[in-house]
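Trainee: Sequence:
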Amino acid sequence: MERDGSLTLRLRNEEVGSLAANALLLKVDAAPINPADLKAMLCSLEPDALYAVHDAAGEALCGNLPPELAKAFGWRLGVDMPLGNEGTGIVIAAGEADSAQQLIGKRVSTATRGMYSDHCIVDCNDCLVLSSSSPVELCAAAFVNPMTALAMLETMHNGGHNGLLLTAAASNLGKMVNRLCEAEGVPLVNIVRSDRARDALLELGADHICNSSDPNFRDHLINALVETGATIAFDAMGGGALAGQILHAMEDALARSAGISGPYGSKIGKQLYFFGGLDPAPVTFWRNFGMAWNIGGWLLQSELKKFSPAKVAAMKGYVVDRLDDIFSSEFAGTIALEQMLQPDTLQACMGIRTGGKWLVRP
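Under my numbering, the first residue of the sequence shown carries the number 11, and numbering increases by one thereafter.
Treat the hints with care, as some may be off.
DSS-like mimics (lysine-lysine), calculated; alpha carbons at most 30 Å apart, straight line [what the hints assert, rightly or not]:
| id | residue 1 | residue 2 |
| --- | --- | --- |
| 1 | Lys-49 | Lys-37 |
| 2 | Lys-321 | Lys-116 |
| 3 | Lys-277 | Lys-326 |
Pairwise CB distance ranges (calculated) [claimed, not checked]:
| id | residue 1 | residue 2 | range |
| --- | --- | --- | --- |
| 4 | Ala-30 | Gly-115 | 50 to 60 Å |
| 5 | Lys-37 | Gly-88 | 29 to 39 Å |
| 6 | Gly-307 | Arg-206 | 24 to 34 Å |
| 7 | Asn-226 | Ala-320 | 44 to 54 Å |
| 8 | Met-301 | Gly-239 | 17 to 27 Å |
| 9 | Ile-102 | Arg-228 | 36 to 46 Å |
| 10 | Ser-267 | Asn-226 | 18 to 28 Å |
No wet-lab data here; the hints were simulated from the structure. Don't be surprised by glycine CBs; every beta carbon is placed ideally from N, CA and C.
Please take these sequences and the hints and turn them into a complete structure.
Mentor: Written out as structure tokens, the structure is:
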């Protein structure tokens, strides 16, 4: 992004430099397009605001950010930013460390920026080593969502909560969380925005599904919270009135189940974390949920740093063992790397809908 708010997306060739001791060179096979990737790529511009150009450097996709977006994405000013936050590939070269050398020829999944490319350099410590027979589609999304699901449960346990609530719950991540909670015996409340999403979770066997578009949403939500005792929420929407509605419903559920309230509300803590930004609207709420509450941000990379190396290693092992069931992903389709410079293709990738995620195959 330039100072005038102009944004340029393009493909280009780069030389592969020397490898550090722990580094791996991957031949990239596939990388998913997650909401965070689109936000970093487009700086919240809509694809129809972009236009194709052909200059001396080749094909490119350009757009102009309005002043408010240019200010919000000021950190992108002058930054040449590689895109694609996770993916899978085969290790074709490695640094001198034994831990790196032993992975040559192996299939790995990694959460490393720059996966929208033919080749990528990653740190061997940031990888999951997968079976060569595992489908590429599963391997491509084997890190961010599976580790997010496991880290959410770890955050829940560490905070002394006994059940959790998840929004945008029919997403690939949401389905993983549902399967994981069932396997681990964790009560779960799902919030979705459509009958289609509700039906997808019913097919999965989910017990508590609340459709925020339903006129009786609040009543259904309170009942689900009473039954599950969930007092921690992970909100992928990150905007609008939903966060306040969740905390208000938690407060009412606690008052109903415990029968204890007062001028400052229940003494039982309620925690809501924003971990996504699917709704760009400002967060608004009435503070009608007592005083025992917290709202904060939640980022996988930051959370993993709070866990011991042994815990993270165990989480990675769990993902590898259950990649084909609990942590499986589904995709709407695949695109080539060059298609990412087509506005129509990006528009399809931006569809916030059940089963709507796309996969880049370089």
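Trainee: Evaluate each hint against the coordinates.
Mentor: Here is what the structure says about each hint:
no. : hint                          : verdict
1   : Lys-49 / Lys-37               : holds (25 Å)
2   : Lys-321 / Lys-116             : holds (23 Å)
3   : Lys-277 / Lys-326             : violated (36 Å)
4   : Ala-30 / Gly-115: 50 to 60 Å  : violated (20 Å)
5   : Lys-37 / Gly-88: 29 to 39 Å   : holds (31 Å)
6   : Gly-307 / Arg-206: 24 to 34 Å : holds (29 Å)
7   : Asn-226 / Ala-320: 44 to 54 Å : holds (46 Å)
8   : Met-301 / Gly-239: 17 to 27 Å : holds (20 Å)
9   : Ile-102 / Arg-228: 36 to 46 Å : violated (55 Å)
10  : Ser-267 / Asn-226: 18 to 28 Å : holds (20 Å)
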